[in-house]
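Asker: One letter stands for each residue in the lines below.
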Amino acid sequence: MSINEKFNAIRKGLLEFLVLKIVSAEKVYVADILKELSGTEFATQEGTLYPLLSKMRREGLVDYEWKESEAGPPRKYYELTGKGKEQLRETSDYWQQISGTVKNLGQKQG
Amino acid sequence: MNKVITINLNGNAFALEEDGYEALRAYLDTAARRLEGNPDKDEIIADIEQAIADKFRAVLGAYKTVVVTKEVKSIIAEMGPVQDPSAPPDEPPPSPSSSRASRGAHLAEEFIRRAKEGYYEGMKTFGDRKAHREWKRRFKWEMRGWKRSFKREMHENAHQWGQNWSSYWSPPSRLGLSAFIVFPVIALLRALIALLGLFALISLVCTGAVFGLSLPFSAPLWVGILFLFVVYKIVVWPLKAVHHAFFFNAFHGSRYAGPWVGLTESLIWIAFIVVFFWFATHHRAQVHEALEHLPRAIHHGVDSVRQWWSER
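So the sequences go chain by chain: A and B.
Quick note on the working numbering: the first sequence kicks off at 930 and runs consecutively.
Quick note on the working numbering: the second sequence kicks off at 20 and runs consecutively.
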């Protein structure tokens, strides 16, 4: 099993956190999120992203508004809700904690 | 030359090559199936259809009005499989037969959904006669296409059910030797016990005793009959258990064994009873006499039960 395959579940679990991070910066629509993730290890597709965004909206983490588009029909622009911001803060703290744990484990003390 | 089908994707009309249309239909059907139970299923499907529509629009131009199969497949690959994040992880994939069985139901649901969606879409053009006429033409065309797909799916399902039926009910290709020995022996033993039970019953009804043993505490006849029945069931039960054990072992679980086992057992029963009676009537005078008196004895027994019943 390759390292990429081993971390499949972790990447999948982290996707929501990353979407929260992307949406926190500005109002975005799905293509923006896909573009932002495309160059990373977390590159994903619409088939995954739409259901995830829908779940996050159901949980009150994000909300959307329709905006007219020059290129075609109106688009859904997502933004973070208060609950989403709170979740992002908690997840960021937790991520710092586990990154620290991973970094420090196995290192010899002084 | 390829056949072209016009579709309505979240309110956007597109002309697709037939194979491309089939690929897209399969993709959306799978998406709908995976999102079954998701409260936002309709919204997600609409978002996905809209995203596909945007991609279709990008490959079309003033002189290119049909999305070819290759483009449809490439767009489907770009979209990626629809994954419901609220679905439990490591869910086993549905078995081919169950997925096929549910496919028909999903297709029917999808057919109704599309019909409703197309109908509402058409109602928007109600004021504009020309647009409404165009909608009617397109709507009929699409519905015909969906009807054809639905019929084809139903036909495939019927074929699959036929195969399942024949594989389930066909006799097994090979029976173990033990089955050929055990089944007749068990059938013979059960026939013998049944015959003994019958004689015991006749004896009880005619004489009030079973092979000379009277009922204790002057118990009524019906208690004796009930007791005999219970004893018969207890005696026969282990044989039944052995029979079932061999049956399931020989025929691989719940698989039906075909009519031959039942027929063989019935023939053994009949043969045994015929031989028994022939032997008994020709070699034992008492049995011969008992059989001659049997009709009268049965009448007598029935009368005594009737009398006991009226005296209650």
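Calculated from the structure, these hints are not laboratory results.
Here the structure is a predicted model, which means the values were calculated and not measured.
Do not take every clue at face value.
[What the hints assert, rightly or not] Simulated pairs of lysine-lysine, DSS-like, Cα-Cα distance not exceeding 27 Å:
| id | chain 1 | residue 1 | chain 2 | residue 2 |
| --- | --- | --- | --- | --- |
| 1 | A | K956 | B | K74 |
| 2 | B | K149 | A | K1005 |
| 3 | A | K941 | B | K60 |
| 4 | A | K956 | B | K60 |
| 5 | A | K1005 | A | K956 |
| 6 | B | K149 | A | K1014 |
| 7 | A | K950 | B | K60 |
| 8 | A | K984 | B | K149 |
| 9 | B | K170 | A | K1005 |
| 10 | B | K159 | B | K149 |
| 11 | A | K941 | B | K92 |
| 12 | A | K964 | B | K60 |
| 13 | B | K170 | A | K984 |
| 14 | B | K74 | A | K941 |
| 15 | A | K964 | B | K92 |
| 16 | B | K60 | B | K149 |
| 17 | A | K1005 | B | K74 |
| 18 | A | K1012 | B | K60 |
| 19 | B | K259 | B | K22 |
[To be verified] Cβ pair distances, simulated, as ranges:
| id | chain 1 | residue 1 | chain 2 | residue 2 | range |
| --- | --- | --- | --- | --- | --- |
| 20 | B | I131 | A | R940 | 37 to 43 Å |
| 21 | B | V204 | A | N937 | 55 to 61 Å |
| 22 | A | E1008 | B | V78 | 26 to 32 Å |
| 23 | B | E153 | A | G942 | 45 to 51 Å |
| 24 | B | V78 | A | Q1036 | 49 to 55 Å |
Just so it is clear, CB atoms sit at the ideal spot from N, CA and C, and this is done for glycine as well.
Asker: If you check the beta carbons of B:V78 and A:Q1036, does the distance land in 49 to 55 Å?
Answerer: At 54 Å between Cβs, range holds.
Asker: Hey, B:K74 versus A:K941, does the alpha-carbon distance stay inside 27 Å?
Answerer: With Cα atoms ~25 Å apart, B:K74 and A:K941 stay inside 27 Å; holds.
Asker: If you draw a straight line from the CA of A:K941 to the CA of B:K60, is it 27 Å or shorter?
Answerer: 21 Å, holds
Asker: Within a Cα-Cα threshold of 27 Å, do B:K170 and A:K1005 meet the stated pairing?
Answerer: 37 Å, violated
Asker: Decide if the proposed pair is consistent with the structure: B:K259 and B:K22, CA atoms, cutoff 27 Å inclusive.
Answerer: 63 Å, violated
Asker: Does B:K159 pair with B:K149 here, judged by a C-alpha cut-off of 27 Å?
Answerer: Status holds; Cα separation ~16 Å.
Asker: Using the Cβ atoms, figure out if A:E1008 sits within 26 to 32 Å of B:V78.
Answerer: Distance hint for A:E1008, B:V78 holds at roughly 31 Å.
Asker: Is A:K956 close enough to B:K60, meaning Cα to Cα at most 27 Å?
Answerer: Distance ~24 Å between A:K956 and B:K60 Cα, so the pair holds.
Asker: Checking one constraint from the list: CA of A:K1005 to CA of A:K956, max 27 Å. Satisfied?
Answerer: Judged against 27 Å, a Cα distance of about 10 Å means the pair holds.
Asker: Are the Cα positions of A:K1005 and B:K74 separated by 27 Å at most?
Answerer: 16 Å, holds
Asker: Take a look at whether the Cβ-Cβ distance between B:E153 and A:G942 falls inside 45 to 51 Å.
Answerer: Holds, at about 49 Å.
Asker: Please work out if B:K149 and A:K1005 have their alpha carbons no farther apart than 27 Å.
Answerer: With Cα atoms ~32 Å apart, B:K149 and A:K1005 exceed 27 Å; violated.
Consistency note: the structure conflicts with the earlier hints numbered 2, 6, 8, 9, 13, 16 and 19.
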